[in-house]
Amino acid sequence: MLGGALSAVLVSLLAVGPAQAQANRYTVSADGSMVADGRTGLVWQRCALGQVPPSCIGTATTFTHEQALTAAANQAGAGWRLPNVKELVSLVDRTVVVPTIDALAFPGTPATWFWSSSPVVGSPSLAWYVFFNDGYVGNSYRSNPLAVRLVR
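Anchor point for the sequence shown: position 54 equals 54 in the numbering used here, and the numbering is continuous, going up by one each time.
Some hints here could point you the wrong way.
Calculated cross-link-like contacts (lysine to aspartate or glutamate; reagent style DMTMM-like; alpha-carbon spacing at most 20 angstroms) [what the hints assert, rightly or not]:
(1) LYS86 - ASP37
(2) LYS86 - ASP102
(3) LYS86 - ASP134
Just so you know, these hints were derived from the structure itself, not from any lab.
Using the sequences provided together with the hints, build the complete structure.
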């Protein structure tokens, strides 16, 4: 069960319906490696780590939570970081299924779990993830290997 404040934020983010046109929301960079989100102001790596832009071919690399944080820190010089759970859930598109993300903006996204940087308060061995198979937000042991998409 989600905590009260986090739950309220997630519910409001997930309430975005099909009325918001996704086509006008995202802008892909000229080289196809990044996606600017006009709604949140965030810039995302178009592909999961391990995939090759612009079409995001290949297999997404999975990381434990510590490895994901380290991978993000290694790209911090370019401004990249692991997104928090609110940022990551903002990519969920409930108007599509499997994966629940805009496939034009984020091609090749595996319908799998993606780490956020957000720890579960009071449970140091857990962190939040978003499951892009169905848009579910949950938490997992930080030792489990999940996919990663960076943001700045």
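We went through each hint and held it up to the structure:
Only pairs whose Cα atoms come within 20 angstroms are accepted, and LYS86 paired with ASP37 is accepted, the gap being roughly 14 angstroms. Our distance criterion of 20 angstroms between C-alpha atoms is met by LYS86 and ASP102, whose separation comes to about 17 angstroms. With a C-alpha separation of about 16 angstroms, the suggested pair LYS86 and ASP134 falls inside the 20 angstroms cut-off, and the hint holds.
Violated hints: none; the structure is consistent with every hint.
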